[in-house]
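Chemist: These two chains come separately, so use the hints to put the complex back together.
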Amino acid sequence: MSNIIEVKNLSKSYGKQTVLDDISFAYEPGQTIGLLGPNGCGKTTLIKIMTGLINDYSGTVLIDGHKPDIHTKAMIAYLPEKTYLADWMRPVDTIRYFSDFYADFDTAKAKEMLIAFDLPEKQKIKSMSKGMQEKLQLLLVMCRNARLYVLDEPLGGVDPAARAFILDVIMKNRPGDSTMFISTHLIYDVERIFDTALMIGRGKILVNAGVNELRRDGKTIEDKFKEVFGYAWQVN
Amino acid sequence: MLGKLIKHEFKASAHSVLNIYLAAAITIVIMLLSYAVKIRWISALSTVALLIISVLAVVITIIAVIAGFYKTLYGSQGYLSFTLPVKSGQLLGAKALVSFIWILLSYIICIGIFVGVYFYVSAKVGENTVENIKMLLQVFGGVSTKAIGQMIIFFVVSIIMQIAVLIAEIYFSITLANTRAFQKIGAVSAIFIFFGVFVLMQIVTAVLTTYVPVTLYYDPLAAGGGLALSFSQSMIQNPTGVNLGLTGLVFEIIAAAALFFTTGWLMKNKINVK
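Chains as they are written, first to last, in this note's numbering: chain A, 1 to 236; chain B, 1001 to 1274.
Source of the hints: derived by calculation from the structure; they are not laboratory data. Glycine residues also receive a C-beta, built at the ideal position from the N, C-alpha and C atoms. Each hint should be verified, as a subset may be incorrect.
Listed next, the stretches of chain B that the computed footprint assigns to chain A, with coverage defined by at least 3 CB atoms under 8 angstroms from CB atoms of chain A [claimed, not checked]:
{"no.": "1", "segment": "1004-1012"}
{"no.": "2", "segment": "1077-1088"}
{"no.": "3", "segment": "1264-1274"}
Using 30 angstroms as the maximum straight-line C-alpha spacing, the simulated DSBU-like pairs for lysine-lysine come out as follows [claimed, not checked]:
{"no.": "4", "chain 1": "A", "residue 1": "Lys16", "chain 2": "A", "residue 2": "Lys111"}
{"no.": "5", "chain 1": "A", "residue 1": "Lys8", "chain 2": "B", "residue 2": "Lys1184"}
{"no.": "6", "chain 1": "B", "residue 1": "Lys1268", "chain 2": "A", "residue 2": "Lys73"}
{"no.": "7", "chain 1": "A", "residue 1": "Lys126", "chain 2": "B", "residue 2": "Lys1184"}
Pulled out of the complex, with its shape left as it was, chain B reads as follows (with noise of 0.2 angstroms):
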């Protein structure tokens, strides 16, 4: 049954955000045709406009997730969700397993877009991108390939954390707010419990991240110069280096796992369905 809630969580979703995305590749042909053709304020326009849309993307993306849970589970649709033959695990499994899809994928264009202005642009007014790079990697000076490869692997794995945290919270405040000591207050509620959970949770993670001293750093007599794990300093106390606090990240790992596990009992046992 899992499979099918994909699959038609997919299809659902899919009615509110390809439309952005079809907006990004019209504006992308807009571009290259316009640096093809030398129509200069073309070309500014469109340039400016992929940049807006792609941040656009993300927005609306995390917008179409926050309706489609709401609408899909409380609104009227829910008297169809709730009454499924499918356990409140596998409805709640299915839309954040959708969502993170979505919300990764506007990562992906929006970051791939910027860059890919970045170099086209770069390269149409004639500056030399290969030097801007070997620049850029000047701010990591010294620091070995396998190392920064081993940075990038972190910072996806954060990225995709804090994608993970945010689908759960947005879903934890909604269904929270949904419960009876909740609904008199209305959706108003669940604005205030999501900031609630998110500022709570930016702050512990901060602090932890930075002040407890297990973190990854740069050890150059490590094979092939790459990261170590250190469990004697924290970042605080080595800010200038590459260090990277841990903690926060696995506390990221277990909120999230709490948020869904504490969303799907709500939802099995506190819901009513307006």
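In isolation and in its complexed conformation, chain A is listed as follows (with noise of 0.2 angstroms):
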């Protein structure tokens, strides 16, 4: 089987400052990958290589075969950490925005998810709450039925409740046969649904293995960051 996502000796810097060190790693499709590491340590720069947004790097990124270009930008369905919606928008008009430019947008759960939700159809978006853009975010991007979910952060600055939320809306939407890809560094919230764990920190791969190998010992993934971080921070 070819994958679905394939990083060879990638390398970013900002300036001086090198956040991605010659990194690489590959998965075939059909796993939920998380990205784990903690703030700062280039999980968003990974991620937004991936996805189109940094074009100025060195290395291999390829999705599916392809650099990241229209062809794979059509098949990641991306929720980014920021709120990314034009703040006139209502609803009703995100989901017209979606059905336009891609193919795999079902705007029938979209309308279903957004009664589900609770989300007045033509609230404009500036008029919502933090807590209503995000959700509005997630049904748009959990309403594609993509090859390969790229969620930078989904749980970031959201309480505990709405947190299960998420994870729910996120495990029951997704397609049987697709890849997710999930940063976070509130591990304790999300190891349940992985399936493979890639731990990075001071731009290296720390860790790149599967959390049933990784619990062998009986220790939970977010044991396992503790000790790996603990240590990464002690010899760099």
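Modeler: Here is the structure:
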């Protein structure tokens, strides 16, 4: 089976600061991969390269065998950390927008989910709370029948009850054969859904292994994370 | 996809510019009513307000073009724009086309309001507008109607090119300011880049237009008495008659194309969306 994500010798610097330092990894389709690391370790940079938001890097990044381009953008459903919708838009406008540009967008499902999420379809985004805006973005992303979902800190800044709701929405709405690439530093809440954990720190890959392997000695992924990053910070 | 991009670009930009046109329409109605019922102080006030609004329409439209381009590509909305399954050239093309239409519309409305107010007010105060037009045409003493038509076409093409160049300069400046080399400096770098490019373009265009001996001049012997192409005299050599330099216009076409191409390349290869 060909890899859905393939990264070879990827490096990225901002001036003199190296954020990603010659990292390589590859994943076959169908997995849920947790991209784990503390704040500022390069998770968002890696995601922005994969989604085509950053183009000046060295190394190779292939999504389904293609460099980030129109083909890969059509197959990736991306949820960024930020609110990326124009404030004049209403949920009904955002649904039209997504259905115009993404062939895999399910408009009927989106309208159903608007009701389920209790989001008024004609309320302007600028008058919505941050929580409502985040729910709307999640809805738009999860109403795509994408091959690869890239979610950047989907649980960042939300309360524990909302985290459970968000995870539930993600897992219920993803197509069975799709791949999930989720970055987070809130491991405890998410680790139950991971198949693979990719831990990065100081620009390097510190762990890239299946969760069953990591849990073999009875520890949780969060324990492993603390172990790895405690050690990594000490030696660096 | 280009058609869809244009459709959504119109929807997005309309929110920023339509209010000023609405204000102009309301002021026109007030002005016409006040002249009809002969309330002189309201007539005077609304006429001045209309002239100010017409200039503001151009200014607000240009500000909306700048703000819209920055917000939708390099602000948080850039996360959506740059992850759409479209080419960066299509993204740029849709924005440029819609910006061009809005700015052209603002020019037409501004000029239209000035001309309309002039004729309307002249007629209301009892001036002979037909005589005024005849006096205006005497400036081009002896020039045929055909040549005047050709000159109008030349000036319309020049204005269209100036709008295209202005958009290209704005887009290029904002995009270059959002590459890694300039991002640290912030928004002020876009202003400096813009004025640098703008001044340079103005100087080169003026020099080429004035000194290069490729011009359109009035030839009364040509069929119907129209404009003819000359390669022997520049505008500076013959400053009094009808003599229009062409190389500045050609330079503007090439420069606008080069700026758009470079902007597209930077968007594709060098942008770090913050």
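Chemist: With reference to the structure, classify each hint as holding or not holding.
Modeler: Okay, the hints, checked on the actual structure:
no. : hint                   : in the structure
1   : 1004-1012              : holds (count 5)
2   : 1077-1088              : holds (count 10)
3   : 1264-1274              : holds (count 6)
4   : A:Lys16 <-> A:Lys111   : violated (47 angstroms)
5   : A:Lys8 <-> B:Lys1184   : holds (29 angstroms)
6   : B:Lys1268 <-> A:Lys73  : holds (13 angstroms)
7   : A:Lys126 <-> B:Lys1184 : holds (29 angstroms)
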